[in-house]
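Going by the numbering used here, the sequence shown opens with residue 5, and the numbers climb by one from there.
Mixed in with the good hints there might be a few duds.
[As the list claims (entries may be wrong)] No more than 25 angstroms apart at the CA atoms, straight line, and that leaves these computed lysine-lysine pairs for DSS-like:
1. Lys13 <-> Lys68
2. Lys92 <-> Lys13
3. Lys68 <-> Lys92
4. Lys68 <-> Lys89
5. Lys89 <-> Lys13
[Stated by the list, open to error] DEER-style ranges, computed between Cβ atoms:
6. Leu99 <-> Asn75: 16 to 24 angstroms
7. Lys89 <-> Thr12: 20 to 28 angstroms
8. Val107 <-> Ile38: 33 to 41 angstroms
9. Ala95 <-> Leu49: 30 to 38 angstroms
10. Phe31 <-> Phe52: 13 to 21 angstroms
Just so you know, the hints here were simulated from the structure itself, not pulled from any lab data.
It should be emphasised that the depicted structure is a prediction, and the values quoted were computed from it without experimental measurement.
C-beta: ideal position from N, C-alpha, C; glycine also.
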Amino acid sequence: MRDFNAITKLFLLFLILILVSVGFPLFILMVFDIIFADYYSKVILAGFLHLIIGVIAMMVNATKSVIISINHLRGRSHNNLFDSKFFKQLALFFLVSILSQIVLSIIFENPF
Numbered sequence: 005m006r007d008f009n010a011i012t013k014l015f016l017l018f019l020i021l022i023l024v025s026v027g028f029p030l031f032i033l034m035v036f037d038i039i040f041a042d043y044y045s046k047v048i049l050a051g052f053l054h055l056i057i058g059v060i061a062m063m064v065n066a067t068k069s070v071i072i073s074i075n076h077l078r079g080r081s082h083n084n085l086f087d088s089k090f091f092k093q094l095a096l097f098f099l100v101s102i103l104s105q106i107v108l109s110i111i112f113e114n115p116f
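Construct the entire structure; sequences and hints are all you get.
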């Protein structure tokens, strides 16, 4: 039963990480669409590069967050799965990922 609880915790962790990895880039795409709605309505393929950057960011975020969690969980006991170092690493990774997605979107497709 103890192994089942540990497997359930790991599954929920990976599920949450993948949902967050998809959610952040999707949120950024929606914010860009709301802020620059008039620009996107004038040009035919205006948001296509933003979409490509967002999809690439989703794939990189999901892969890297699962790799960070697997590397962290190696050698841990089942009672001490999460600590502050793990969450700091994930937060730093997601912050860098969000900033890089915003900068790349503005550089490649300047809506200003």
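Q: Compare the structure with the hints numbered earlier in the document and write down the numbers of the violated ones, lowest to highest.
A: 8
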